[in-house]
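Asks: Chain by chain, the residues:
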Amino acid sequence: MGLGLLASRVLRFHTNRRNLLRTIVTKPELQSPEASAAAAAPDPTPDLPPRTPVAGARVHFPNPDDAIEVFVDGYPVKIPKGMTVLQACEIAGVDIPRFCYHSRLSIAGNCRMCLVEVEKSPKPVASCAMPALPGMKIKTDTPVAKKAREGVMEFLLMNHPLDCPICDQGGECDLQDQSMAFGSDRGRFTEMKRSVVDKNLGPLVKTVMTRCIQCTRCVRFATEIAGVQDLGMLGRGSGEEIGTYVEKLMTSELSGNVIDICPVGALTSKPFAFKARNWELKGTESIDVTDAVGSNIRIDSRGPEVMRILPRLNEDINEEWISDKTRFFYDGLKRQRLNDPMIRGADGRFKAVSWRDALAVAAEVLHQVKPEEIVGVVGKLCDAESMMVLKDFLNRMGSNNVWCEGNGPSPNADLRSGYIMNTSISGLEKVDVFLLVGTQPRIEAAMVNARIRKTVRATNAKVGYIGPPTDFNYDCEHIGTGPQALVEIAEGRHPFFSTILNAKNPAIIVGAGIFERMDKDAIFSTVETIAKKGNVVRPDWNGLNVLLLNAAQAAALDLGLVPESSNSIESAKFVYLMGADDVNLDKLPKDAFMVYQGHHGDRGVYHANVILPAAAFTEKEGTYVNTEGCAQQTLPAVPTVGDARDDWKIIRALSEVAGVRLPYDTIGAVQSRIRNVAPNLLSVDEREPATFGASLKPECTQSISSTPFKAAIENFYMTDCITRASKIMAQCSAVLLKK
Amino acid sequence: MLARLAAVRLREIRQVLRQVPQTSRSFSTALNYHIDTPDNNPNLPWEFTDVNKEKVKEILSHYPSNYKQSAVIPLLDLAQQQYGGWLPVSAMDAVAKVIEVAPIRVYEVATFYSMFNRSPVGKYHLLVCGTTPCMIRGSREIEDALLKHLGVKRNEVTKDGLFSVGEMECMGCCVNAPMITVADYSNGSEGYTYNYYEDVTPKRVVEIVEMLRRGEKLPPGTQNPKRIKCGPEGGNTTLHGEPKPPPCRDLDAC
Ligand code: SF4
Ligand code: FES
Ligand code: FES
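Residue numbers (the numbering used here), protein chains in the order written: chain C, 1 to 739; chain F, 1 to 254.
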């Protein structure tokens with residue numbers, strides 16, 4: 001009996017001890033912040049180690065007189081007026097923890113994680129919402145600031161589920177990281193946690209709304225950047241939740257970005273759900289090729305598989321966003337791939353053969369046809385190197401009929417200013433009047449559209465649009481549907497002409513869909529008339545832009561991939577398609593021999609006689625030029641599939657089999673050849689402005705037809721062979737494009 | 001002995017378990033998302049009546065034309081009065097159209113304020129204050145009495161559609177706690193009233209309900225005959241005469 005009593009006493013003692021331990025014990029100095037602050041008061045002249053701004057934050061002084069000086073932890077920094085305390089700290093090299101603040105969104109100030117101490121202020125201040133004032137003494141490392149963060153963290157974690165092990169954000173979660181860095185090691189919350197019903201935002205964004213910490217970043221992103229006012233903050237207090245109220249999908253071409261900005265795992269990627277942990281992934285910095293913008297991306301791969309695609313910061317192109325197509329089309333890289341060289345047998349079926357056989361067949365036919373009957377078409381996703389090699393090869397075979405699809409039958413490659421975006425994408429922010437001619441940037445180049453929207457929001461720039469009726473996510477004046485409206489403006493009959501005339505920095509953006517029109521020269525000369533009359537092109541400002549559609553277009557024109565005759569396809573006997581799937585082959589003679597070199601079994605292979613498997617852009621090193629003429633490079637993230645080879649290597653091998661050996665053995669050698677033709681392709685990440693203006697163009701004698709402009713892209717989600725093979729993109733087009 | 005040990009331990013465990021407060025939280029507001037029902041979905045037509053259209057104009061005229069969205073709360077209120085005390089989705093959409101904002105911006109406001117009902121209420125919507133002062137003075141009993149008398153649950157409408165009971169936070173009458181509010185939607189937005197009945201007792205609220213049912217008008221304010229407004233029971237205890245004015249200061253002297 002005695003033993004039992006003793007044992008229970010011991011037990012009770014134990015429980016008591018545990019109860020005692022449940023009080024929060026932080027560092028002793030946190031218990032009385034004032035006293036310890038006094039004790040730890042820094043000596044007035046601390047010798048400060050030099051600091052570097054956080055993440056290379058740069059200060060730009062619009063007006064040197066407006067500079068003010070503040071002290072961050074005793075360290076003086078000069079910042080322009082109007083910056084917030086948080087930004088000042090960033091420049092001083094102090095990273096302030098935050099959840100709701102995002103440099104590209106409006107300031108909400110509702111998470112309170114960024115509390116810092118400011119001398120003479122009675123309470124800690126939310127640094128993200130507090131403008132820095134001259135002489136402010138900001139302290140980020142004091143017991144008060146630490147205690148404040150710890151307290152905020154505890155409150156945030158109160159209603160946050162403890163499901164990190166099954167959360168896809170795990171490992172890249174701001175809440176996780178910051179609670180490790182600033183949080184307490186235990187919480188005092190013993191009540192029930194709140195739970196929230198998950199919302200259906202469509203096939204791309206997975207929601208686990210119980211995890212939401214109500215930072216409202218997603219709401220601000222959707223309203224301010226994506227321009228879809230669907231998300232909102234509903235309810236109040238602890239019942240507050242993010243949602244759309246009525247059942248609604250997020251139909252924005254930028255919706256995937258909310259995954260990145262959500263600091264917790266409330267919004268995660270649906271296709272990527274439970275596929276991989278982020279620390280297993282290898283990141284490769286590359287370029288997106290699904291449109292002509294060339295958004296900077298990071299390809300996260302595990303082994304031979306592309307697991308996801310994330311944006312990379314590039315202020316001049318995509319800032320830190322990418323379109324949904326860019327982010328989610330990667331599953332197309334795993335479907336419909338061409339693995340082996342194949343030859344179509346007499347029965348019309350493809351048979352896998354060795355490279356040697358496939359090349360031999362192609363070379364043999366190549367020698368049987370007349371040089372003028374050889375035609376090469378380059379696809380939308382081709383890199384500059386392979387285009388160069390193909391052009392050289394066909395030239396050696398005696399043909400000069402090689403062009404890039406999408407550039408139209410008779411592209412004009414002589415004047416670079418005639419096919420690139422002269423204003424540059426970041427330059428669009430200075431524009432005050434836009435005239436969009438036959439282009440729907442929201443579909444054709446979502447990132448350019450985001451930039452236009454940003455400008456319109458910031459400066460109330462006016463937008464005029466000529467083309468078929470379409471959705472805009474900013475205010476836009478629909479001037480007309482066909483070239484007639486353009487002529488009206490050119491002749492000054494339309495009121496929009498005076499708008500252009502009165503603008504400081506007007507910009508005209510012509511869609512590349514016009515390249516396919518027969519009267520394209522006439523349209524361009526009309527546009528140039530408007531440009532001339534409206535002072536759109538000046539020595540200090542070039543507002544005459546072409547918005548290209550495909551990643552390969554600009555490089556193809558830079559390399560001079562222009563067909564000798566515009567109807568060469570009608571008499572072709574040998575067609576070499578290098579990834580070209582959308583070229584119109586109706587007029588091709590039935591007996592023509594077709595070689596398809598590419599990575600996807602898409603439209604191009606239907607008629608092909610020989611298939612040569614090539615590497616996709618994730619698997620090779622290649623140069624791409626975006627619509628503003630900026631050359632960028634992809635890097636191989638994953639190995640090629642099956643027996644596929646790099647495009648340029650295939651043609652190099654074919655040239656050898658055909659007996660006209662090309663002198664390149666390395667990609668470096670190809671690049672030095674490119675240097676002779678178009679040196680700008682090798683200055684990566686630089687924008688070479690077009691040297692000659694459009695004024696040098698010969699007079700155009702074409703007459704304008706009255707056919708209205710057509711939409712260049714029907715389905716935003718499916719534009720090329722990879723996106724057409726993608727299941728996610730198919731889902732998106734089924735669900736989101738439903739009218 | 002072992003059995004005893006086990007018994008003691010069990011008791012301890014029970015104790016510990018009992019200590020954990022397992023109260024599920026009650027929210028005063030309804031769901032924060034909308035579920036389509038035949039009488040509440042975005043496809044139902046909804047419009048302000050002609051009389052109210054004039055009022056809408058009048059309300060909008062209070063705000064600068066580029067800040068129309070400021071009118072969201074008065075307009076939602078008007079819509080609620082017109083529609084018998086609650087706001088279907090289509091009414092919120094109609095308000096959004098008037099003030100030229102996206103519907104979600106109106107939903108955000110309507111879900112924030114618990115005075116906007118997003119599900120049907122009775123002609124007389126009885127709101128019991130549940131905040132601390134009223135709670136100490138017995139608001140729970142009052143609510144129980146109401147619910148029992150009407151035979152409904154909270155936020156439920158009686159079969160005849162006359163009454164519903166909801167909960168509210170402090171309505172600023174704590175001095176006369178406990179109190180209920182009666183939102184009277186029986187006469188549309190013209191005869192709409194929103195009256196406070198203070199110093200109620202479980203018996204008195206039932207009487208109030210019955211009077212309302214009979215269509216009688218009863219004076220709002222304190223229900224305690226011994227009090228005048230918020231004065232103390234049995235007449236004033238202080239401030240019997242004119243209060244002494246503050247000593248005059250010679251302003252020029254300073
Ligand atoms: S869902 Fe994410 S981004 Fe949106 S409010 Fe919640 S935590 Fe913030
Ligand atoms: S980051 Fe400052 S309050 Fe959220
Ligand atoms: S607590 Fe009931 S009115 Fe204030």
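Note that these hints are calculated values from the structure, not bench results.
Please note that the accuracy of each hint is not assured.
[Claimed, not checked] List of simulated lysine to any residue pairs, SDA-like, C-alpha gap at most 25 Å: (1) C:248 / C:105; (2) F:97 / C:229; (3) C:248 / F:190; (4) F:97 / C:251; (5) F:68 / C:105; (6) F:97 / C:236; (7) F:97 / C:133; (8) F:153 / C:236; (9) F:226 / F:188; (10) F:53 / F:105; (11) C:370 / C:410; (12) C:275 / C:370; (13) F:55 / F:77; (14) C:123 / C:106; (15) C:193 / F:226; (16) C:533 / C:649; (17) C:462 / C:537; (18) F:97 / C:675; (19) C:710 / C:609; (20) C:120 / C:105; (21) F:68 / C:229; (22) F:68 / C:663; (23) F:68 / C:710; (24) F:68 / F:109.
[What the hints assert, rightly or not] Just so you have them, the derived chain C footprint on chain F, three or more residues with Cβ under 8 Å: (25) 63-73; (26) 96-107.
All C-beta atoms in this analysis are idealised placements derived from N, C-alpha and C, irrespective of residue type, glycine included.
Asks: For every hint, state whether the structure bears it out.
Replies: So, going through the hints one by one against the coordinates:
For the given pair, residue 248 of chain C sits about 23 Å from residue 105 of chain C by alpha-carbon distance, which is consistent with the 25 Å threshold. Simply put, residue 97 of chain F and residue 229 of chain C have alpha-carbon atoms about 14 Å apart, close enough for the 25 Å limit, and the pair holds. Distance hint between residue 248 of chain C and residue 190 of chain F is unfulfilled; the C-alpha atoms sit about 36 Å from each other, more than 25 Å. Taking the CA atoms of residue 97 of chain F and residue 251 of chain C, the gap is near 21 Å; set against the 25 Å cutoff, the hint holds.
For a cut-off of 25 Å, the pair hint linking residue 68 of chain F to residue 105 of chain C stands: about 24 Å separates their Cα positions. Between residue 97 of chain F and residue 236 of chain C, the direct Cα distance comes to roughly 24 Å. Compliance with the 25 Å bound is thereby established for this hinted pair. Note on residue 97 of chain F and residue 133 of chain C: the hinted pairing is violated, with a Cα-Cα distance of about 41 Å set against a maximum of 25 Å. Between residue 153 of chain F and residue 236 of chain C, the direct Cα distance comes to roughly 23 Å. Compliance with the 25 Å bound is thereby established for this hinted pair.
A C-alpha spacing of about 34 Å is found between residue 226 of chain F and residue 188 of chain F, which places the hinted pair above 25 Å, so the restraint is violated. Distance restraint check for residue 53 of chain F and residue 105 of chain F: the Cα-Cα separation of roughly 21 Å lies within the 25 Å cut-off, and the hinted pair is therefore satisfied. Taking the CA atoms of residue 370 of chain C and residue 410 of chain C, the gap is near 22 Å; set against the 25 Å cutoff, the hint holds. Taking the CA atoms of residue 275 of chain C and residue 370 of chain C, the gap is near 53 Å; set against the 25 Å cutoff, the hint is violated.
A hinted pair counts as satisfied when its Cα atoms are at most 25 Å apart, and residue 55 of chain F with residue 77 of chain F qualifies at roughly 12 Å. Annotation: proposed proximity of residue 123 of chain C to residue 106 of chain C holds, straight-line Cα distance about 24 Å (limit 25 Å). Distance restraint check for residue 193 of chain C and residue 226 of chain F: the Cα-Cα separation of roughly 46 Å exceeds the 25 Å cut-off, and the hinted pair is therefore not satisfied. Taken as a hint, the residue 533 of chain C and residue 649 of chain C pair is broken in the structure, with Cα atoms around 49 Å apart against an allowance of 25 Å.
About 18 Å separates the Cα atoms of residue 462 of chain C and residue 537 of chain C, which keeps this hinted pair within 25 Å; it holds. This hinted pair does not check out: residue 97 of chain F and residue 675 of chain C have alpha carbons roughly 59 Å apart, beyond 25 Å. Between the alpha carbons of residue 710 of chain C and residue 609 of chain C the distance comes to roughly 33 Å, so the proposed pair goes past 25 Å and is violated. At most 25 Å may separate the alpha-carbon atoms for a hinted pair to count; residue 120 of chain C and residue 105 of chain C exceed this at roughly 29 Å.
Note on residue 68 of chain F and residue 229 of chain C: the hinted pairing holds, with a Cα-Cα distance of about 17 Å set against a maximum of 25 Å. With a CA separation close to 70 Å, the supplied pair residue 68 of chain F and residue 663 of chain C exceeds the 25 Å bound. For the given pair, residue 68 of chain F sits about 38 Å from residue 710 of chain C by alpha-carbon distance, which is inconsistent with the 25 Å threshold. Distance hint between residue 68 of chain F and residue 109 of chain F is fulfilled; the C-alpha atoms sit about 14 Å from each other, no more than 25 Å.
Counting residues of the segment 63-73 of chain F whose CB falls under 8 Å from any CB of chain C gives 0; the rule of at least 3 is not met. Three residues within the 8 Å Cβ limit are the bar, and the segment 96-107 of chain F against chain C gives 6, so the coverage statement holds.
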